[in-house]
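Protein chains in written order, with the numbering used here: chain A, 1 to 759; chain P, 1 to 158; chain H, 1 to 81; chain C, 1 to 287.
Please keep in mind that the hints were generated in silico from the structure rather than gathered at the bench.
Treat the numbers as computed from the prediction; the structure is a model and nothing was measured.
A portion of the hints provided could be inaccurate.
As the list claims (entries may be wrong) - Pairwise CB distance ranges, derived in the manner of DEER restraints: (1) P:E117 with A:D671: 43 to 51 Å; (2) A:Q675 with H:R17: 45 to 53 Å; (3) A:P43 with C:R40: 33 to 41 Å; (4) P:S7 with A:L22: 38 to 46 Å; (5) H:R17 with A:A556: 31 to 39 Å.
The beta carbon of each residue, even a glycine, is placed where N, CA and C say it ideally should be.
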Amino acid sequence: MPLDPQADVKSRKFKVVGTRPLRPDGIDKVTGRAKFGADATAPGMLIGRVLRSPHAHARIRKIDSSKAEKLSGVKAVITATDFVDGADLDKGTRDVLVNVMARGKALYEGHAVAAVAAINATVAKKALSLIKVDYEVLPHVTDVDESMKPGAPVLHDDLYTGGVEPKLKKASNVAFRHEFGHGDIEKGFKEADVIVERSYKTEATHQGYIEPHACLASVGPDGQGELWVCTQGHFMVRNTCAALLGMDVSKLRVTASEIGGGFGGKTTVFIEPVALALSRKANRPVKVVMNREEVFKATGPTSSTSIDVKIGAKRDGRITAAWSELRYQGGAFPGSPVEFGAMTAFACYDLENVKTIGYDVVCNRPKQAAYRAPGAPMAAFAVESTVEELAHKIGMNSMDLRLKNAAKEGTKSSYGPVYPPIGIRATLEAAKNHPHYKAPLGPNTGRGVACGFWFNFGGQTCTSLNINIDGTVALAVGTPDIGGSRASMCLMAAEELGIPYDKVRTIVADTSSLGYNDVTDGSRTTFASGLATINAARDAVKKLCERAAKTWGIPADAVVWEDGQAKPAGANAGNFPPLSLAELAANAANTGGPIAGHYEINADGAGVSFATHMVDAEVDKETGKVEIKRYTVCQDAGKAIHPSYVEGQYQGGAAQGIGWALNEEYIYGKDGRLQNAGFLDYRIPVCSDLPMIDTVILEIPNPGHPYGVRGVGETSIVPPMAAIANAVSAGAGVRMTQLPMSPPKVLKAINGKKAGKQH
Amino acid sequence: MSQVRVSTKINGDAIEFLCEADEPLLDVLRDRLGLTGAKEGCGTGDCGACSVTVDGRLVCSCLVLGAEAEGREIRTIEGMANGEQLHPLQKQFIAHAALQCGICTPGFLVAAKSLLERNSNPSEHEIRFWLAGNLCRCTGYDKIVRAVQAAAAEMRKG
Amino acid sequence: MAKIILPGSMRAAAGGRIEFEMDAPNVQQLLARLSAEFPKLKPLFDRGVSVSIDNHMYRDAELQPIAANSEVYILPRMQGG
Amino acid sequence: MQYEAPTTINAAVKLLAGKARTPRVLGGGTDLLVQMRTGRIEPDLLVDVKRIPGMRDITAKAGGFRIGAAVSGSELGENKALKKAWPGVVEAANLIGSTQIQGRATLAGNLCNASPAADAVPALVCAGAVAVIAGPKGKRSVPVEKVPTAPGKTCLKKGELVEAILLPKRAPRSGDAYLRLIPRSEMDIAVVGVGVNLTLDAKGVCTAARVSLGAVAAQVLLVADAAKALIGSKVDDAALDKLAAACSAACRPIDDKRGTKEYRIEVAGVLARRAAQIALKRAKGSK
């Protein structure tokens, strides 16, 4: 992969990168013209609806759909038997197959058991009521600690804990045991003057994207299929659906609609294979749109967790040992992000002795999906809360304690590799020097600080850049735009080509128009699609120079590209007036035909990213209600391509973290059913809950990207819960160890402190 | 189920449609009239993505029946711009990067317009509480509030 | 020889160790040799791994060359939201 | 299902008293449409009362106010005279849902939905409001606290509907207030709600008071002991302590997803104290 040395990145003077032009999709989105998942229709379109399990755990004895099939207007009814049997699928894909449509057992309330396609929603609804499912209700478990206990109802009798030897004799709900770290923990704790040990719990939260999952599928008798869908990765959707339906990948074309939020929740499939299977059976286009209740019950929230942390330090604040055991439930299938929790828990610090153990646990809840820096925010909540307490116990300013132990270039990370240049120290210093840090606090108000880390990654990426006849540029990328990335792509292409931003139009191409692209996740799009865009542009520039050379009859290497023009490299190259991109494009037919640039890569070298958040929280000590009074985010972006959308990622991550910290939670009843599957009682922050969110963009260039870009989307949700817990604990005068910190929990803690139960 | 015949005005145009007696106005707009700018985020009046005005009153179209539109005047996001001329709110939302994914944007714009029609110089507090029924999961609301303030200022200048 | 470090979760499967001195031209052959020596590692590798070679992270790196003095960390396959 | 929009009360009563098995009155519809969507109810007839003259009017009556059953929260908030006389009632009504919900939701609907957590009801109860009910046998007036009989149930008989809510004439030196606890700043159902309405004499001694609690029992409670705690006092700390104690003592709450028993009991007292202080300030400020 071509790397510009970091010196170049630092010294480089950008022309358009770093400016704040209007986004290309802006007008469509403010006029209601933009087409999202549910906005598509097709001739002869049917409406698909899914029948879901009312039980948290039940054996499916029999499904009788005969009455539904006979109902006038019903065109197809499907169950698990309408998909492949899964024998040839890898374990991960097989789990998706079973999650998409239950086989043998319903593993959580909302688990799909059948689906219908009918001429309208009314008939489809009636048809669902006519499908009779014979359930044998089984004992269930929804709490992570309960699920690990011997004697808990076992979800999968073929699930044996991985990562332990010898193999356990009994199947259990513990899917895997992870372990990371280095040094000698026991030795480290012996050296410590002060040790703080605490246990924490966090509830499951949902990504809460405002657009429910929606798709429109059309499969013909020839097996050719089309799918319109809101997703973070239409190539992933194509490959997974083809596998689940036994289709050739080439026969399925997937088009990504505008997407109304994802945050990780749209990195897998739920209704897409169902819609395709219904369409295949009915031989008609079928539209399936989830309602909000289905989104909460049957998509992929993140893990609820139970975490123990123990940290020891010298009187001077130097941490001598750090240990954590993390237990994450990932719903009804293995794959909770506990390994990333265990890897990131202490990633902000330079530690001699560190050890983390993670348990991946299954229980009767929907299969978790990625949520923004999967696994990291809960671990950061536990660790950064403990670090804060440690500082208090030592009698040291917690900001200084963090600075004293902060990781730096050359630090061996808690998950293994040694860090290249990183920004943790810079974000801490930016926070410490921010006016917010010195501002006076109101009554019953606490100020909290916390750090966060995320890996970021690159992944498979393919872009195509076509020079149009008038010198404008059409750029095709394969990564859905979930937060304004088309604007960033236009900026990077314009920068390389030396043309104005508005001469470039970026589209998200369908799966038949480009090579495979990984999902828009891992904060990879501006990094990886940006990298591919820059190199596709450079490929085009090379060809443009060749065309100029041809025109002038001089060698290609005697031509340089400057300010959107081909010029002779120097006096001895000959004296020719520059040829602009527009001129070269207009004459392309005579110099060798269309001019295009391409680039394919499996991008690595995505730089890790750090953030420090600072928050003031006021606590009503009589009711336990918390109000966020002020919030500041300091984060390393490497290089901000479009600063407005970098700020937007910082602010959005902070806001989601505030919801997670204060009020968002999955609430289960004794019956194992979700009690708050709606926006009324699943309380995401509303406009009047929040203050303005101040941002500080730091730019410590990532050597792995030509412009120094680091992903920014995920790191911003890692520190908030810890920062807010530290602020609320200070304001309430009692350490909060459970999320969410809802009014009843906070008041109970305050009363407990009064009664001398906790200090 | 007996269908209801409704004559109404949408964005100034006289419109007639047939709908089910229990069919929400949102479904009529989206599925029968092709006005998909109003979005269904929840269907229970908790997210505001389906905001429209009925006789100048801001409502969730998922909580209004199509049948109730008889003789009323409905305004939707599709009627907000004056031909090619964007409403100041639309301009400022783009200029302030007040949208990321954009699914909540039509609802916010319709709601904010209704606020500025009643209060030409709202405080941040007034803006935040007026818009509390419009959920946005991307932006943290910061840039949305700033965009509304900027549009209000632009409109006061006239 | 290159220094290979496995995650702690593979210790049991690798006969109680996680650090190895081993030469392999690339990641694919490294994993093959480790699996040959410790068959119980194979299923763990098959879950998917990311690899850090000399502090550079790779998610799909089968053919990444490994130098004689490289430091190689086997890590879980990266995901994101 | 059938939709009707009659233009007279009699026509509405006739429809509701007719052969429809599960008729429902459609006012603002902000609860009704949600219940229909979630399948909790499946009405065979909807009677939209918004086209009946007077249903959307607020008029002065016997020194008080007559509020038509279809008047929306926004319309209440925009009526200066009503807001001046009954600020607690108006602020309670305006707490229901979002601006969008306010464009539709009505006092009568909030009352007839018969939710123990309804925000407007405690304020109406302590205001001594009366519901005017029209039916096949003519009209009757019922104190609002008597309208809900159980969660989701009312005293309305087949064919009856609430036509208007009456608020009494305001005595001098009177003030009311409503406070609720919700986890967010907006958009939530009350975990606890407290209404206080009091009147002072020239010396500032409380001569009359009504105190009501929401979301702490199967129905909104009118708490006589809480009123006693205020009457005869200058609403000083001692009286407020008694008020808080009486309110907490009156609670018969449940544990649910929105709050615990002990939380509701404790916070009922806290909010009662705060609401009484606001009501007192308003009473002193009013002529």
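Now for the hints, and whether the structure bears them out:
| no. | hint | result |
| --- | --- | --- |
| 1 | P:E117 with A:D671: 43 to 51 Å | 48 Å, holds |
| 2 | A:Q675 with H:R17: 45 to 53 Å | 48 Å, holds |
| 3 | A:P43 with C:R40: 33 to 41 Å | 36 Å, holds |
| 4 | P:S7 with A:L22: 38 to 46 Å | 40 Å, holds |
| 5 | H:R17 with A:A556: 31 to 39 Å | 55 Å, violated |
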